Amino acid sequence: MTKRTARHGDDGAMLLVALILITVIAIVTVALLNMGNGRFAATIGLRAVASTEYAADAAAKIAISDIELGTSAPGITAPSGVTLPWVYNNGIDGTGCFGGSGSLGSPESIVAKTSVNLSSFYSDPQSKTTKNATVTCSPVPGTGIFGLGSGAGGSTGGSGGSGGAGSGRALTILGSGGLGASSKNGAFSIRGDVMSAGAITSSKGYLYTTGTVKAPSCSTGGNAPKSAQGASGVDCAYAGTVDDPYAGVAPNSIPTDSSGNWVLGAQSGCSFTAGYYPDVTPLNACTNATFAPGTYYFDFHNNSTDPTYSSQYANSGDLWTVNGNVVGGQSTGSSSIPGSCVSPIDSTTAQGVQFIFGGDSQMTLGKDGNVELCGSYNNGKAPIVIYGLDGTSSARGLLAANYAASPTTSPNTAPSTVTPSGGFAVSPVGPTDAAAVANADSTVEKWTTASGGTANLSLSGFNIPGIPSGSTIKSVTLTLRHQESPTSGTLTPSLKFKVGSGANNSTTTQPTIKSSLTTETLDLTSDLASVVAAGNLGNTTLQFIETAKNGSTKGTSQVDQVQLQVAYWAPRLRGETATAIPNNCVRATGGSHCDLFGISASGGSFKGALVVNGTTYVPVGSVNGNISNGSGTVALRWGLVADSADLNGWPQYSFSYPLVSIPDSGPGLGSNFTAVDLKVYLCDSGTCPTTGTPALTARVSFTDPIDSTTDIVTPTAGARIVSVMSWAPAR
Numbered sequence: 001m002t003k004r005t006a007r008h009g010d011d012g013a014m015l016l017v018a019l020i021l022i023t024v025i026a027i028v029t030v031a032l033l034n035m036g037n038g039r040f041a042a043t044i045g046l047r048a049v050a051s052t053e054y055a056a057d058a059a060a061k062i063a064i065s066d067i068e069l070g071t072s073a074p075g076i077t078a079p080s081g082v083t084l085p086w087v088y089n090n091g092i093d094g095t096g097c098f099g100g101s102g103s104l105g106s107p108e109s110i111v112a113k114t115s116v117n118l119s120s121f122y123s124d125p126q127s128k129t130t131k132n133a134t135v136t137c138s139p140v141p142g143t144g145i146f147g148l149g150s151g152a153g154g155s156t157g158g159s160g161g162s163g164g165a166g167s168g169r170a171l172t173i174l175g176s177g178g179l180g181a182s183s184k185n186g187a188f189s190i191r192g193d194v195m196s197a198g199a200i201t202s203s204k205g206y207l208y209t210t211g212t213v214k215a216p217s218c219s220t221g222g223n224a225p226k227s228a229q230g231a232s233g234v235d236c237a238y239a240g241t242v243d244d245p246y247a248g249v250a251p252n253s254i255p256t257d258s259s260g261n262w263v264l265g266a267q268s269g270c271s272f273t274a275g276y277y278p279d280v281t282p283l284n285a286c287t288n289a290t291f292a293p294g295t296y297y298f299d300f301h302n303n304s305t306d307p308t309y310s311s312q313y314a315n316s317g318d319l320w321t322v323n324g325n326v327v328g329g330q331s332t333g334s335s336s337i338p339g340s341c342v343s344p345i346d347s348t349t350a351q352g353v354q355f356i357f358g359g360d361s362q363m364t365l366g367k368d369g370n371v372e373l374c375g376s377y378n379n380g381k382a383p384i385v386i387y388g389l390d391g392t393s394s395a396r397g398l399l400a401a402n403y404a405a406s407p408t409t410s411p412n413t414a415p416s417t418v419t420p421s422g423g424f425a426v427s428p429v430g431p432t433d434a435a436a437v438a439n440a441d442s443t444v445e446k447w448t449t450a451s452g453g454t455a456n457l458s459l460s461g462f463n464i465p466g467i468p469s470g471s472t473i474k475s476v477t478l479t480l481r482h483q484e485s486p487t488s489g490t491l492t493p494s495l496k497f498k499v500g501s502g503a504n505n506s507t508t509t510q511p512t513i514k515s516s517l518t519t520e521t522l523d524l525t526s527d528l529a530s531v532v533a534a535g536n537l538g539n540t541t542l543q544f545i546e547t548a549k550n551g552s553t554k555g556t557s558q559v560d561q562v563q564l565q566v567a568y569w570a571p572r573l574r575g576e577t578a579t580a581i582p583n584n585c586v587r588a589t590g591g592s593h594c595d596l597f598g599i600s601a602s603g604g605s606f607k608g609a610l611v612v613n614g615t616t617y618v619p620v621g622s623v624n625g626n627i628s629n630g631s632g633t634v635a636l637r638w639g640l641v642a643d644s645a646d647l648n649g650w651p652q653y654s655f656s657y658p659l660v661s662i663p664d665s666g667p668g669l670g671s672n673f674t675a676v677d678l679k680v681y682l683c684d685s686g687t688c689p690t691t692g693t694p695a696l697t698a699r700v701s702f703t704d705p706i707d708s709t710t711d712i713v714t715p716t717a718g719a720r721i722v723s724v725m726s727w728a729p730a731r
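Numbering follows the UniProt record's numbering, in which position 281 of the sequence shown is assigned residue number 281; successive positions increment by one, without gaps.
The set of hints was computed from the structure by calculation and includes no laboratory data. On a predicted model such as this, the values are computed, not experimentally measured, just so you know. The beta-carbon is built from N, C-alpha and C at its ideal position, and this holds for glycine as well. Don't take each hint at face value.
[Unchecked claim] Pairwise CB distance ranges (calculated):
(1) Ser421 - Gly538: 19 to 29 Å
(2) Ser515 - Ser394: 48 to 58 Å
(3) Gly718 - Ser334: 18 to 28 Å
(4) Ala224 - Ser335: 39 to 49 Å
(5) Ser253 - Ser515: 54 to 64 Å
(6) Ala314 - Gly248: 32 to 42 Å
Generate coordinates for the entire structure from the input sequences, incorporating the hints supplied.
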């Protein structure tokens with residue numbers, strides 16, 4: 001048997017290597033397959049997440065567009081009675097971010113739309129499925145047309161100021177007459193705290209405020225006042241005191257001349273300058289009036305029951321009725337109201353007016369009246385624009401009980417210039433003509449006639465010193481010592497006067513025939529009171545005229561003394577009190593009561609506008625804000641303090657700006673910044689549940705334009721500036 005020798009080669013090794021390679025490849029293949037399946041699953045998941053984010057993003061953008069455009073967007077409607085086009089600005093019309101249904105005429109019918117449903121609005125290009133969405137919306141507290149902001153000037157202090165942002169005292173009622181606040185469209189809005197010593201009553205609608213409410217009692221049920229702070233912001237059983245936030249603030253000083261006397265207000269046409277105004281007649285005669293910056297004191301003396309009434313003024317009553325336009329303050333050059341004067345809320349250089357009212361003086365707007373008054377910038381504090389004197393101190397018009405019983409009486413004053421004509425001459429000869437009639441003595445002016453004729457004495461230069469301009473003239477008395485002889489009608493005395501080079505006018509009271517030298521007192525008040533008050537007495541000439549009857553009878557006239565005396569009340573501050581004027585209607589109750597300031601609109605609904613850029617302060621007077629169906633802007637922009645107030649109406653302007661407010665610093669009647677929070681919920685069908693975690697949350701702001709002329713915020717579809725403040729998809 002032959003023995004085989006073993007072969008030396010690598011065939012076995014190669015087989016082993018091949019087996020190892022096959023095993024490794026199998027393992028790697030399995031691993032790769034497993035890895036590929038994982039990545040594929042991840043891709044499917046990422047695509048699903050992206051689809052959700054895309055859908056939520058699209059839904060939020062649709063909702064933002066709806067809020068930006070309001071009723072100009074498809075499917076967005078607002079309650080009937082709302083000014084169109086409408087956009088949401090967190091006002092008091094009862095709407096939500098996406099509008100609402102119902103009618104402003106029936107506030108209980110309004111249903112706010114605070115969410116929007118989007119059906120099959122998004123199609124996923126990968127899965128070929130569609131998505132539904134529900135987007136909810138809520139306002140960010142402190143934003144919107146009543147945005148609290150900082151509140152220019154802050155709280156007025158004292159009890160009742162909540163101290164929160166923008167919640168300074170807007171409305172203070174000091175008397176038991178309380179506050180009436182009614183509105184046909186549901187809410188009568190106030191911006192800031194409300195505090196009343198009397199009841200708050202609403203026959204229709206309710207009072208709504210961004211601040212707190214404190215009163216001893218209020219209307220109940222649907223007419224109960226409401227606060228943006230909720231139930232905790234309303235106290236209708238308040239038993240504390242109601243303080244006067246301006247109790248220590250005196251009115252501005254009346255302008256004075258170089259002698260320290262008050263300046264009598266002047267006018268050129270219907271342009272008025274600062275000073276004292278005792279006569280309402282020129283104010284009522286102007287349809288359109290402007291008042292330059294400064295302090296104005298209105299203490300009208302046109303009421304015949306006034307103990308200081310004088311015939312120098314028409315007996316027309318002390319009511320200033322505005323049926324045209326009245327603008328007070330630094331002019332902007334615009335004729336629009338509001339927007340005609342520079343507001344101290346907007347400008348640190350504003351120069352404005354203060355209207356002070358005394359006696360029983362009142363100001364009211366007729367149905368076509370338009371008034372805008374701007375105060376002066378006051379270092380961020382509220383300037384008082386309308387100030388009703390309460391008579392509690394000398395600076396506020398305090399008067400003694402018998403103040404009118406003791407007018408100032410001038411010395412008896414003889415004329416400095418006497419010019420005889422027609423035969424009058426000094427007798428006995430020697431003294432001057434002026435000396436002959438200065439006093440009752442043996443020297444006279446004498447005229448003798450044999451047959452008819454006329455003789456005159458021209459008397460001028462009655463230089464009575466010290467009568468301040470604007471004084472109310474109680475009496476002008478002429479002392480005349482004269483004689484006509486014989487007394488059978490041969491001679492007839494008469495008296496005339498003229499101012500400057502004007503015409504001669506017969507005096508109301510005429511001298512009577514005297515058989516011997518007799519002193520006669522003639523009342524020339526109705527003739528000369530206005531002349532004296534205007535400072536024109538020195539330019540006035542009296543003419544004593546003696547007329548002889550034709551015939552042969554001889555007659556003699558003698559004039560021994562001519563003197564003029566004036567009794568007057570110098571201008572002074574008079575509170576709106578019964579001491580100033582008995583039965584003062586400003587302080588009266590019942591049918592004889594009158595409002596110191598406000599809107600009367602007799603003969604129809606109010607069609608005008610009333611804007612006060614500063615505080616309205618009438619602590620013993622009432623304010624009537626009867627807007628009715630008016631569509632103009634009515635805004636007391638820096639608070640109201642009154643004894644009582646009656647505010648009612650159906651504001652038609654688009655955003656229902658609060659009638660009384662504590663403003664933000666800066667321009668704009670109302671806040672132009674509205675922010676909302678959006679939540680997006682997704683589902684495959686139907687209305688999406690709004691519970692659980694939303695697919696996306698966002699905070700978005702809408703800034704509305706402000707009219708550069710009127711300062712009014714004008715929410716306008718398509719003109720709002722949209723800013724995304726936050727955008728957070730669910731993770």
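Now for the hints, and whether the structure bears them out:
About 22 Å separates the C-beta atoms of Ser421 and Gly538, a value consistent with the hinted range of 19 to 29 Å. Here the CB-CB span from Ser515 to Ser394 is close to 53 Å, well matched to the stated 48 to 58 Å. Checked against the given bound of 18 to 28 Å, the beta carbons of Gly718 and Ser334, roughly 26 Å apart, stay inside it. At about 42 Å, the CB distance of Ala224 to Ser335 agrees with the hint of 39 to 49 Å.
Between Ser253 and Ser515, the C-beta spacing of about 57 Å keeps the proposed range 54 to 64 Å intact. Taking 32 to 42 Å as the suggested C-beta distance range, the pair Ala314 and Gly248 conforms, at roughly 38 Å.
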